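There are 2 protein chains.
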Amino acid sequence: MPFAEILDKYQYRVNQELENVFRAILEDAGKLGGVYVDYYRNLRDFVMRGGKRLRPVSFIMAYKGVGGKDYESIIKASPSIELLHNSTLIHDDIIDEDHIRRGGPTFHIVYTDWFEQKFSGRDSIRFGEAMAILGGDNLFELGLSILTKANFSSNFLLQAIDIYRETYKKICEGQILDILWENRAEVTEEEYFDMISMKTGSLFVGSPLIGCTLGNGSPRQFELLKKYSLLMAQAFQVQDDVLGTFGLEEETGKPTDSDIRQGKRTLMVIKAIEMSSAQDKKILLKTLGNKKAPRDDVEHVKKIIRQTGALDYVKEKASNLAKPAIGEILKESEIFTAEAIEFFSGLAEFVLNRKL
Amino acid sequence: MPFAEILDKYQYRVNQELENVFRAILEDAGKLGGVYVDYYRNLRDFVMRGGKRLRPVSFIMAYKGVGGKDYESIIKASPSIELLHNSTLIHDDIIDEDHIRRGGPTFHIVYTDWFEQKFSGRDSIRFGEAMAILGGDNLFELGLSILTKANFSSNFLLQAIDIYRETYKKICEGQILDILWENRAEVTEEEYFDMISMKTGSLFVGSPLIGCTLGNGSPRQFELLKKYSLLMAQAFQVQDDVLGTFGLEEETGKPTDSDIRQGKRTLMVIKAIEMSSAQDKKILLKTLGNKKAPRDDVEHVKKIIRQTGALDYVKEKASNLAKPAIGEILKESEIFTAEAIEFFSGLAEFVLNRKL
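The listed protein sequences correspond, in order, to chains V and A. Just so you know, our numbering puts 68 at position 68 of the first sequence, and the rest follows in order with no gaps. Just so you know, our numbering puts 207 at position 207 of the second sequence, and the rest follows in order with no gaps.
One or more hints might be untrue.
Pairs count within a copy or across copies, as identical chains cannot be separated in the list.
To be verified - With a Cα cut of at most 27 angstroms, we get these calculated DSS-like pairs of lysine-lysine:
1. Lys281 with Lys291
2. Lys282 with Lys302
3. Lys355 with Lys118
4. Lys149 with Lys331
5. Lys282 with Lys118
6. Lys9 with Lys170
7. Lys76 with Lys170
8. Lys226 with Lys355
9. Lys149 with Lys303
10. Lys226 with Lys31
11. Lys302 with Lys315
12. Lys9 with Lys52
13. Lys69 with Lys281
14. Lys118 with Lys281
15. Lys323 with Lys170
16. Lys52 with Lys170
17. Lys264 with Lys118
18. Lys31 with Lys169
19. Lys149 with Lys226
20. Lys118 with Lys286
21. Lys118 with Lys169
22. Lys149 with Lys170
23. Lys170 with Lys317
24. Lys69 with Lys170
25. Lys118 with Lys170
26. Lys31 with Lys264
27. Lys149 with Lys227
Just so you know, the hints here were simulated from the structure itself, not pulled from any lab data. In this text, all values refer to a predicted model and were calculated from it rather than measured experimentally.
Let the hints inform the model, and build the full structure from the sequences given.
In structure tokens:
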């Protein structure tokens, strides 16, 4: 089965399981009171609004790829990964003051709007952020709950939980660098890769490694999946930065000026600062992180990123990461199932060519 | 050994173990970079600044009380409980915009101040809150890490992790009611107890139940510890509300006007609204939740709470909760160790008489 079909098939199963998880949570919430029904319905709507489910599908594929046979149980466990991911998205959106995610309001804006309508505005953003801090907390523990109760041996589950937790730790630590660097003029390419390896890489690496662990994969399978995933994740993030600034808002579901106004030190920005004239560099540093920068200045920054060749540089970089990623997984392709090889090599190509 | 000595002894051991946990974390952080050393040192300082360690000591006591014998392992696991607690404190302090905790700055204010000094103020509160969202996230996973790696059988650990997680879930859900009700005129006594049972009760109940689970306690031991802890926790929270508004700031380590300005629906406030004249009720509702209320109005609210008899009512209520709590644990005192009986009955008295 070609990559696109594998992704479609398991995306569908993951979404079904996510719906099941929220159905059960909403039933429980009904006993507690209407507030909780609204709350968990809002969390459900946020999670179900979109998302490619690349991480939970990688989790399933790694399990099956190393020879795991309990398909029903692994699919049932797969929402854990997606919920961890969404937990960190909700907290990140507060931190970055982002208002749009997947074409709809971010979670704190859902509750900011709700509060504004109900209590005519006083402190509405604070309220929204408070609900989103808790919402992120709850999604993480909900994911943990699924993993803890999954139908695998206790020993495997404890190992899986430890990777799940360590993944969350690294994402938070990566996020710390990301926000600290918004106030630093110069960040090196090496530092950028260290940061995204934590912030984005952790979960792209953690997902297949948890699957591999539950499927009783060998140390060599574990190692190759790890190497592959880190390279693939780096390609993903480099490309994600490109789409964030140069993609179409209708497709990516988020505003294309957000990273620039936030002052994110993306690889494009790092290279543009490095490769620009003294005058352009001034414009870059003045606009980056200025939340009220006029539209023209933001466009000027984009122009500089193009003209200096920074955009071409990072596009090539992404491609130069995806290829060795595929190399890692093909190195000993006989130790994985054919389906897993098809999926993981297809995924590395997909992250380069995607539009959203 | 009398209660005070038991508490002292294990408080000391818990603190030692917390220091060990942070020593290891800081060593790891040193390999990652100076940013992380500062970050985890700030988290360490926040956790070590104070706190009575009632929850981790209850965790140890329940384990020993049901006949658990691996003292070293249970003490080594005890920081998990305290870290979960501190995780929720850090997030709560952001939500409540509290600046003082245990006589020092709250965690988001630590980083607000740091940012202000370093970058002269722009966006400093946002930065502080961002770091504190992540700080709370990291403490929760750090506690989970200790539990996951603890020296008990995998089956027991999975059960323990599930209670640990469910505890966190309930705390978040309780916090949701707490902030929602800041904007509601009338909250009933029953609703108040539902809310504090989640927000405060969860961890006071969860801590001994995790200990009991790891010590292979019987269903009856589990049940009695659960009943006891819920009543004791309610007494604790009612008393905590009293101290929050009528205690001495030097002793409680937090400002006594914070709950009133925040509009917290404490039992005192609920009863005062219920028992006050139409005119006083107006003053109450005007001042509660008004962050800029003049000092005189706040004092007036306190006067109304005293004069209506609301203060006496809640003091008696706390006492009327602590006594049946002790009753539960004494019901079948022979199924617990003498030390545990001494500790848990002493604890229920302690929560009434404490000044901080």
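Taking the numbered hints from earlier one at a time, note which ones the structure violates and give those numbers from smallest to largest.
3, 4, 6, 9, 13, 24
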